[in-house]
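Fit chain B to the known structure of chain A by using the hints.
First to last, the protein sequences are chains A and B. Position 26 (the first sequence) corresponds to 26 in my numbering; numbering is contiguous. Adding 513 to a residue's 1-based position in the second sequence gives its number in my numbering.
Misleading hints may appear alongside valid ones.
DMTMM-like cross-link-like pairs, simulated, lysine to aspartate or glutamate; straight-line CA separation at most 25 Å [unchecked claim]: (1) A:384 <-> B:552; (2) A:391 <-> B:657; (3) A:353 <-> B:657; (4) A:353 <-> B:737; (5) A:384 <-> B:549; (6) A:384 <-> B:657.
Simulated from the structure, these hints should not be mistaken for laboratory data. Since the model is a prediction, treat every value here as computed from it, not as a measurement.
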Amino acid sequence: MTESAASHVSQGNAAGVSLRRVSKTYGLATVLQVDELTFRGGEVTGLVGENGAGKSTLLGILAGTVTPDPGGEVLINGEPVHPGSPGASQAAGVAMVSQEFPLVGQLTVAENLTLGMRPEGARGFFYDRKAVVATARGMLARVQLDIDPRAPVSSLSIPARQLLEVAKALGREPRLLILDEPTSALGPVEADRVIGIAREHAANGGAVIFVGHRLEEVREAADRVVVLRNGRLVADMAAAEATDDRLIREMVGREHLATVTADHSGLARPAPVFAADELTAPGLGPVSLSVSQGEVLGVAGLMGSGRSRLLHTLFGAIPRTGGAMTLAGSGYTPRSTGDAVAAGVALVPEDRKQQSILASAPVRWNVTLATLRRISRSGFLFPKTERQLAKEYAGRTGARFASIEQPIGSLSGGNQQRVIFGKWFAAEPKLLLLDEPTRGVDVGAKAEIYGLIDEARARGMAVIVASSELEELFRLSDQIVVLRHGRIGRVLTKDQFSKEQVLLTASGVKEIP
Amino acid sequence: MTTSEAGTSHGDRQDLPGTEERVPAVRRNRLRALVDIPEFGVVAACVLVFVIVTIIQPRFADEANLQVIGLDLSNYGILALGVGIVILTSGIDLSPGAIVALASMVSAYLNVNYNVPVGLCVVISIAIGIVIGYLHGWFITRLDVPPFAITLVTLTAAAGAALALTSGQPISGVSFFYQTLTLSKVGGVPLPVIIFLVVAISAWILLERTHIGRQIYAVGGNREAARLAGIPVSRRLMLTYIISGACAGLVGVLVIGRIGVGDPSVGSGWELDAIAGAVIGGVSLYGGEGRVVGMVAGILLLMLINNALIVLNVSPFFQQVALGLVLGVAIVADRIRARSRGQSRPRGIPVFGAQGSKPAKTTPAS
Numbered sequence: 001m002t003e004s005a006a007s008h009v010s011q012g013n014a015a016g017v018s019l020r021r022v023s024k025t026y027g028l029a030t031v032l033q034v035d036e037l038t039f040r041g042g043e044v045t046g047l048v049g050e051n052g053a054g055k056s057t058l059l060g061i062l063a064g065t066v067t068p069d070p071g072g073e074v075l076i077n078g079e080p081v082h083p084g085s086p087g088a089s090q091a092a093g094v095a096m097v098s099q100e101f102p103l104v105g106q107l108t109v110a111e112n113l114t115l116g117m118r119p120e121g122a123r124g125f126f127y128d129r130k131a132v133v134a135t136a137r138g139m140l141a142r143v144q145l146d147i148d149p150r151a152p153v154s155s156l157s158i159p160a161r162q163l164l165e166v167a168k169a170l171g172r173e174p175r176l177l178i179l180d181e182p183t184s185a186l187g188p189v190e191a192d193r194v195i196g197i198a199r200e201h202a203a204n205g206g207a208v209i210f211v212g213h214r215l216e217e218v219r220e221a222a223d224r225v226v227v228l229r230n231g232r233l234v235a236d237m238a239a240a241e242a243t244d245d246r247l248i249r250e251m252v253g254r255e256h257l258a259t260v261t262a263d264h265s266g267l268a269r270p271a272p273v274f275a276a277d278e279l280t281a282p283g284l285g286p287v288s289l290s291v292s293q294g295e296v297l298g299v300a301g302l303m304g305s306g307r308s309r310l311l312h313t314l315f316g317a318i319p320r321t322g323g324a325m326t327l328a329g330s331g332y333t334p335r336s337t338g339d340a341v342a343a344g345v346a347l348v349p350e351d352r353k354q355q356s357i358l359a360s361a362p363v364r365w366n367v368t369l370a371t372l373r374r375i376s377r378s379g380f381l382f383p384k385t386e387r388q389l390a391k392e393y394a395g396r397t398g399a400r401f402a403s404i405e406q407p408i409g410s411l412s413g414g415n416q417q418r419v420i421f422g423k424w425f426a427a428e429p430k431l432l433l434l435d436e437p438t439r440g441v442d443v444g445a446k447a448e449i450y451g452l453i454d455e456a457r458a459r460g461m462a463v464i465v466a467s468s469e470l471e472e473l474f475r476l477s478d479q480i481v482v483l484r485h486g487r488i489g490r491v492l493t494k495d496q497f498s499k500e501q502v503l504l505t506a507s508g509v510k511e512i513p
Numbered sequence: 514m515t516t517s518e519a520g521t522s523h524g525d526r527q528d529l530p531g532t533e534e535r536v537p538a539v540r541r542n543r544l545r546a547l548v549d550i551p552e553f554g555v556v557a558a559c560v561l562v563f564v565i566v567t568i569i570q571p572r573f574a575d576e577a578n579l580q581v582i583g584l585d586l587s588n589y590g591i592l593a594l595g596v597g598i599v600i601l602t603s604g605i606d607l608s609p610g611a612i613v614a615l616a617s618m619v620s621a622y623l624n625v626n627y628n629v630p631v632g633l634c635v636v637i638s639i640a641i642g643i644v645i646g647y648l649h650g651w652f653i654t655r656l657d658v659p660p661f662a663i664t665l666v667t668l669t670a671a672a673g674a675a676l677a678l679t680s681g682q683p684i685s686g687v688s689f690f691y692q693t694l695t696l697s698k699v700g701g702v703p704l705p706v707i708i709f710l711v712v713a714i715s716a717w718i719l720l721e722r723t724h725i726g727r728q729i730y731a732v733g734g735n736r737e738a739a740r741l742a743g744i745p746v747s748r749r750l751m752l753t754y755i756i757s758g759a760c761a762g763l764v765g766v767l768v769i770g771r772i773g774v775g776d777p778s779v780g781s782g783w784e785l786d787a788i789a790g791a792v793i794g795g796v797s798l799y800g801g802e803g804r805v806v807g808m809v810a811g812i813l814l815l816m817l818i819n820n821a822l823i824v825l826n827v828s829p830f831f832q833q834v835a836l837g838l839v840l841g842v843a844i845v846a847d848r849i850r851a852r853s854r855g856q857s858r859p860r861g862i863p864v865f866g867a868q869g870s871k872p873a874k875t876t877p878a879s
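Bound-form chain B, shown alone:
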């Protein structure tokens, strides 16, 4: 049972407070345990934002608006899960937004000009993401290119390629099936939201219930320790970039149905929201820490706030400011919580280039 009750058994019974006073103590312990869950803050913030905004503007909770939030959530959420898994390895992926643009343009282009069926377009779109992710992983593990740099290359090049395909013109006349994919509902829930949930559950299973997922955490938490435990570090890194690319390819298909055309400028900047969502959800940029629950809650919070600001008629300029502040608060809160638990992350960016130089500590003589 709880510690407070265990303490009473050999305590002086006369001095004990009455039962009605002991219950709150137990409850406080439960509350503490709840607060100690890393994702508690962000989940609570989601609930809080939802309730408060609904009170101010009931339209926020209308079915139509919830569906808008759901569609946004599915796009950004799938990206956030992919990027989040990359960040777990202490890497970063800046390319998802650009992959969304490229994949959706190629997909629409093939569909309109060569009558490639939508089903095949979906496969091709995801394949584009996988290939790009594989290339990222290859450069990062074989040539030791920093993830930031190589995915920045893709961010620029893929976004450019999307524009170059049609000289910047949108592709209209895409098959109706795109719309069906995005706008149909299952039991009132938009299909993309269900796809998002499937992706989230798969990510959860991967990270929490497979040996590969655990190895991904290990690679992010302490790469050298992972290597010396026999974990194939390069293969695991590679996999995370492939997953992130595939997620972006999938979103590339979903956005076509939403806007009705292949738009080369779609996805621009989405990677930053995805990264922000993962970080708000408690994924540590140092790697090795963070869970799917947090990633989902983090991106949901962003979407709720984003939508709330629109519903509340806040100027679009202030929307950006508000989102920035949320990210700031989340990061600071995470550091404060880590510090209060007595953990610090002293691991900085490795500065010294030499691999052979081991930090020979001078341990006191014993």
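Chain A with its partners taken away, still in its complex shape:
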């Protein structure tokens, strides 16, 4: 706290990338507001912050995929860059390795690496396969990735793809190399390699931004660490000073200090409605947990820790490889999502557009989708019955729409989510699984969705909610399990809820006694 955003001295025209008075507003919400921030050449800058702190927005502005509010400037080596244009950013020397891998699966490694660039030594108009492969070999060597440049990308493992992305970015000889959680998909060896690459690029005079959740890695990679909280730059310190405690305190804000008290796990709880015992699935477990009627169990963890995976396994959408589950006193072994729904389990998935809604179909269809079999008589649907049920259940969630025949895609995100809740309330599940239930809905709708979850609890459903927003979990949960690498790192009871506790376990620092 000795340094702050305001006191950070700008380097003016020096080599590097600077943001000046850059902000980004969506509607009424300002998600980013940075007066002055420079990423210097020859230096790795670590960037940390909670989910929603504005990291993605900041990186998006640098990469040109997000247009900042007018008035701000992005300067690369002192030259202003046209904002909001990915092409201009790339031309100015910004290369970003994102968490998604925008690779073309069917093309080979070499083709992906050289996509959109002209390989050295290529002659004439025609595609020069030899030159492409040779260039690709050189690029792969820089990340020490030992794969055949002629292999299709779809045959590669996730870590190899991640390294390939790094190689692709490096091959563009960027002035600013952005690594957005480059290690989340990697094992320790590859992670070290990426850190080495970042350091090397800086040693050659380039600027590097290293975004990470694992604080140790950030410290190891970076010369300097900046912290974002609620869209603002709250700390800027040398990596040597960036202890875990200090970083977490800055990320969370000073008001959330540790309040560890006695463990209450001995308190009597009602008998669980649902229990999983030593549950395993690819990338998950063994996990044991239980929820009682009317109880909400929160699932916390970093990206890639297996939150969604856990819920999908409980729902039968990912086949389980071992362990046992019981639901309402009897064995529960879902072999398909249909089994899960029939047994009384419901899942509100994370990505509404891809996984929940039939966008062009009417609200009515979306409400009755999971209960079609139940509301039909010997296979036949009766429009009147269906309309009644759709109206009743959509109405009960407070979803607002002109007519149940309106396409759900024309509703706001919050209203869509309410309709999806209505769909599952209609199924009257015993266990309700919620994956990021308030993602992409506005603040008002958020509160109403919390209301729906409280209602589900009041109706005696057992609820498991996974979220990357800790405030949300604290608001909703009776207990929280913290996942790390697919396992439960820790179980927190209500009086132990604090961001520090969760983050320390999730990022695998150490157990706090």
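Leaving out everything else, chain B in the frame of chain A:
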């Protein structure tokens, strides 16, 4: 009541236009509602084509010619309904034409050489379609073979098998009952047309009035959402290919009576007309959208135009061009209508092979 009338109740009455001017406004709303029905365009086109061609060449509306149109409609229409249901799942079936050939050849072969009664031949013919459809579904759901590819295999192999059965020779001397099936009439309407209507009504009931039909739409509209709503996606996909195969098997029987022999080259290319008919009728190739009314109207329009070009003595070469243009107009019109309603179908063909890769969207912080 209508919105325009609701607006008047608290409006300034003096400024209102007279009643005689308000009626057209209401009518315009009704017209708008009518135009908003996705199938309106194609139904209107059917009426328009029929009226215009009849004015130019009254022979078009003669009973004999209408019966020809009806027989064509029954063959292609049954195929279009089967294929249309497959397309609803964002799949495709290229095999119906070849199944028609194979089923009709096997049916005629058994009837002529082994005296298998026509009734049993009908069952066998449909069974051939069902088995092939089942195999399609199996490869598509279990081995993840693209529908286009596996049904292309059948298109080639089944058409070849039909030819191989008799080394390309037609089978003559089929039982008279085939003709009876195809050429008899009920109240002046050819029996195949009635069969077609029964198939169409069954398809309508399936799609609009059963939970299975709704699930088929869901599988086509958003497969992942359907799966996560507990819908047995593979079983539903399987069913659609079986239906399409069965429809083709049925048509295989009906064509024998029409041409009087088992012809191994019959049905060649029919699948394309069937697909075109469904698409003209508003069935989205992206899946999840389209109705039976549209499929029927779409294929009827194709048949009307086809027949009109013959009646009007247009060169057969231009007939192909004209049919292509109709398909083009229908597709473009559909896109324009979708766009004007503010809907787009951004869902392209999934390019990225990895199933585990979820599109992790970076939603702005809140």
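To see whether the hints hold, each was checked on the structure:
1. A:384 <-> B:552: Judged against 25 Å, a Cα distance of about 23 Å means the pair holds.
2. A:391 <-> B:657: Distance ~38 Å between residue 391 (chain A) and residue 657 (chain B) Cα, so the pair is violated.
3. A:353 <-> B:657: holds, 23 Å
4. A:353 <-> B:737: holds, 10 Å
5. A:384 <-> B:549: Holds, because 23 Å separates the two Cα atoms, which is no more than 25 Å.
6. A:384 <-> B:657: violated, 38 Å
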